[in-house]
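Chemist: If you're matching them up, the sequences are chains A and B in order. Letter 14 of the first sequence, counting from 1, is numbered 14 in this note's numbering, and no numbers are missing. Letter 488 of the second sequence, counting from 1, is numbered 488 in this note's numbering, and no numbers are missing.
Treat the hints as calculated values from the structure; they're not laboratory data. The structure presented is a predicted model; accordingly, all values stated were derived computationally and were not measured. Among the hints, erroneous ones may be present.
Just the calculated beta-carbon pair ranges, DEER-fashion [what the hints assert, rightly or not]:
hint : chain 1 : residue 1 : chain 2 : residue 2 : range
1    : B       : Glu-27    : A       : Glu-58    : 24 to 34 Å
2    : B       : Glu-182   : A       : Arg-158   : 56 to 66 Å
3    : A       : Lys-383   : B       : Asn-261   : 50 to 60 Å
4    : A       : Glu-260   : B       : Lys-319   : 31 to 41 Å
5    : B       : Lys-409   : A       : Phe-349   : 52 to 62 Å
6    : B       : Lys-200   : A       : Gln-313   : 53 to 63 Å
7    : A       : Arg-164   : B       : Lys-454   : 53 to 63 Å
8    : B       : Lys-319   : A       : Glu-393   : 35 to 45 Å
9    : B       : Lys-57    : A       : Ala-316   : 29 to 39 Å
10   : A       : Gln-137   : B       : Gln-14    : 21 to 31 Å
11   : A       : Asp-341   : B       : Asp-253   : 29 to 39 Å
12   : B       : Lys-57    : A       : Lys-113   : 41 to 51 Å
13   : B       : Gln-137   : A       : Lys-336   : 50 to 60 Å
Every residue gets a Cβ at the ideal spot worked out from N, C-alpha and C, and that includes glycine.
Below, each chain spelled out in residue letters.
2 protein chains.
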Amino acid sequence: MAKGITTKEENYSQWYNDIVKKADLAENSAVRGSMVIKPYGYAIWEKMQSVLDGMFKETGHENAYFPLFIPKSFFSKEASHVAGFAKECAVVTHYRLKTDEKTGEIVVDPDAKLEEELIVRPTSETIIWDAYKNWIQSYRDLPILINQWANVVRWEMRTRLFLRTAEFLWQEGHTAHETKAEAIKESELILDVYADFAEKWMGMPVLKGTKSANERFAGAIETYCIEALMQDGKALQAGTSHFLGQNFAKAFDVQFLSRENKLEYVWASSWGVSTRLIGALIMSHSDNNGLVLPPKLAPIQVVIVPIYRNDEQREAISKKVEGIVKELKAKGISVKFDNRDTRKPGFKFSEWELKGVPVRLAIGPRDLENGTVEVARRDTLEKETLQMADIAEKIDHLLEKIQDNIYQKASTFRDDNTFHVDSWEDFREKIKQGGFVLAHWDGTSETELRIKDKTKATIRLIPLDGKPEEGKCIYSGKPSKGRVVFAKAY
Amino acid sequence: MAKGITTKEENYSQWYNDIVKKADLAENSAVRGSMVIKPYGYAIWEKMQSVLDGMFKETGHENAYFPLFIPKSFFSKEASHVAGFAKECAVVTHYRLKTDEKTGEIVVDPDAKLEEELIVRPTSETIIWDAYKNWIQSYRDLPILINQWANVVRWEMRTRLFLRTAEFLWQEGHTAHETKAEAIKESELILDVYADFAEKWMGMPVLKGTKSANERFAGAIETYCIEALMQDGKALQAGTSHFLGQNFAKAFDVQFLSRENKLEYVWASSWGVSTRLIGALIMSHSDNNGLVLPPKLAPIQVVIVPIYRNDEQREAISKKVEGIVKELKAKGISVKFDNRDTRKPGFKFSEWELKGVPVRLAIGPRDLENGTVEVARRDTLEKETLQMADIAEKIDHLLEKIQDNIYQKASTFRDDNTFHVDSWEDFREKIKQGGFVLAHWDGTSETELRIKDKTKATIRLIPLDGKPEEGKCIYSGKPSKGRVVFAKAY
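Just chain A, same shape as in the assembly (with noise of 0.2 Å):
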């Protein structure tokens, strides 16, 4: 056990607070809810960025900018999207402080009181289909394809670091199309993108599905989703795409002049992930010794330790790592010589290892003599000793592997905690153990209400590549067509 760290088993909360805190990922801040992200932690968030932002692009979408600020007006347009978060809305009443004459205190100025609030944005729709309205008036100008990194602010009332904080950062797509063919094409395409930068570059196997009504995005006829299993048996929503329908077309009265020359309303998609992402890397890889990062995403892929006891080695060594650095940085691997003379190599190794960097070489005065090099994985804690020729492609190669072992193990382990089950008994004992349990549902949301009440389970998702089964609801034993997919989650 780390220095520091609480085991997952004894626990699991714990346990995630301490990797984000000695992983120096990010810390709470003196605003309730708010966070401040590290620069490690946004290291990999910058990496996270990067790769999405490449696929959004590649997919044929482009990014823009919308005010943080929404007039209440607008967003009470739509009337279930602003039941969804009346609740929890900051709103700018005011917009100048002064001195108080008295006191001398700062205070808010009451002569500069706005006319109308603002809402600090929870999400863009409102403000982005105000401006689609002016962008749109024929067939000519769809679709539009727009994605937006921005920050958002939920008052929630339990915050947690990066799962659940008030102000967060993320991306949100907006996108306008003729046809509702195509808008439902669009949320399905968003979706595959996701689960692949979920498995592929998180290393994170997810299942992919609709939500019930009841989890549905306030003003979305459908919403879609990833999930992935955490190490303690919760799922967490990795990832959201929604058909709007015509909602907010007809919210905003945005129409367009159709191929066949009629007046119709615009169809919608929007989507987005959040730096939510990164608590679930945490969970989904890491282990009592801190953090596990998988190679794609981490800032530092590879970290050299020289080992020496006088002035003489340590320059011997350093010329050693320089030509290794280079042969790496040749590669595309990120590598960190960590030559700080003021720590001890244990040292450096426990906060590499806590830091979750994949690949740790250490080379000392033997290694110097021998042509070789220590080789220990973040992933399996094994070491091996390697001859030094070569090093780039194997270490390359070795990255492959623990992108790929990572990937693996977290495969297993979702296997192991997913399970099928038939009665109501089976059902609270699986769901109070923890993982995704499959189970019939009569379809209704007051089943779906009942269940969550007396095992805080909830339906996370209707499976996309579902099988038609008959069965009997667990709940409710009425008929059912298919499983779904029930987990406490995040």
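Chain A is fixed; fit chain B onto it per the hints.
Modeler: Positioned in the frame of chain A, the structure of chain B alone reads:
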């Protein structure tokens, strides 16, 4: 003159607005003073971000993210800081909306009033130094070299797209150091980074200097800045870098144990550039035909327009163009093949001219026969017919030439509009005419304000490379030891 663009001779301000609108860069939003940055405008910002981010990292800085909201009490801790920003603060006072029972309308829930109001950051010194307090104990924790990409809000009463908006995007660096000398060195280093970026990437020559006390950042000991001259003879502050002394360390009680084992206050710098740079870019180079972009920041560097009369020609040209596109991309040149069949070549020509694409290629059937291509430069509007052989290399070369020419042209303009004056009469005349006016000043704020009052000119900067020169203040006649730069400014 391009369709729909007012000439700058006729109305410079309208010319600017027309270009922003017609080149599809940005538009006003429904929220007073906030803008929507449209995809083409945002693509320019992304280019700027990417280059600057690389430069910051190259000089040892890391990115992080701090909260959007600042508690009012933090904001008030540094007296001159709050005095400087109090009049333009957006204030969050409530955290929930509700449905009014009587009217059915959505209203701010009076029960959800915050105990302490939150300021939407106009700049982040206070929230960041509150965090640094916990990060810094000893000299070993220093320096801290952090940058943040973020949105900020300053409630400006008179706004203009890109130049002055209530919300804008920027980067803000916040560094912490052991010594005064180090913090000053950092402020100057960043000033050089900004100047390099302005000149080498934006093609915009800048002066480097310090601000007079009147124009200094609220909370700074010294404000360094770069100033550029726009085509209407007004100056534009393009970036600032502040030496903050120990002001924020004292306000937030951030002390460290020095190498001499003494408790000392930390030294600080902060620095930023914003989406205002896009406004500067537009005004530096554009003409009455629209936007002119320097190749290094152009989202599309080369556009290819096919000229054909029938499908057969179209196909043959497309095949040829595919090869050219590949060659250009291989050289890292961003290229767009405008093969829309719904638009005529003339329409495309003026559209891309309007959008400032540096190079346009046109290929028709005769070019195919002759192995030629028509090449048009946006900066000079010159056209020539080139042999297709080595076309990528020729274009690459041409882009460099354009980048250089754009800078040279702007430099010549600035030189032609920089004046040394020694009499009050000359001063008034030159200021009225527009340009940088180098004149002697007695060093007092009083004189500076009087000059501003009478001529609208402010001291843009005190040159860093200014030669000592005995003289008499242009206004008061009192002795001066060097010239400062006056201008009317954005």
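Chemist: Against each hint, give a clear statement of whether it holds in the structure.
Modeler: Structure-based check of each hint:
1. B:Glu-27 with A:Glu-58: 24 to 34 Å: Distance hint for Glu-27 (chain B), Glu-58 (chain A) holds at roughly 27 Å.
2. B:Glu-182 with A:Arg-158: 56 to 66 Å: 42 Å, violated
3. A:Lys-383 with B:Asn-261: 50 to 60 Å: 40 Å, violated
4. A:Glu-260 with B:Lys-319: 31 to 41 Å: Because 35 Å falls inside the window, the suggested range holds.
5. B:Lys-409 with A:Phe-349: 52 to 62 Å: Roughly 57 Å apart at Cβ, these two residues keep to the hinted range, so it holds.
6. B:Lys-200 with A:Gln-313: 53 to 63 Å: 43 Å, violated
7. A:Arg-164 with B:Lys-454: 53 to 63 Å: 58 Å, holds
8. B:Lys-319 with A:Glu-393: 35 to 45 Å: Given about 39 Å between the Cβ atoms, the range holds.
9. B:Lys-57 with A:Ala-316: 29 to 39 Å: 30 Å, holds
10. A:Gln-137 with B:Gln-14: 21 to 31 Å: Roughly 25 Å apart at Cβ, these two residues keep to the hinted range, so it holds.
11. A:Asp-341 with B:Asp-253: 29 to 39 Å: At 32 Å between Cβs, range holds.
12. B:Lys-57 with A:Lys-113: 41 to 51 Å: Since Lys-57 (chain B) and Lys-113 (chain A) have Cβ atoms about 43 Å apart, the given range 41 to 51 Å holds.
13. B:Gln-137 with A:Lys-336: 50 to 60 Å: 24 Å, violated
Violated hints, in rising order: 2, 3, 6, 13; the structure is consistent with all others.
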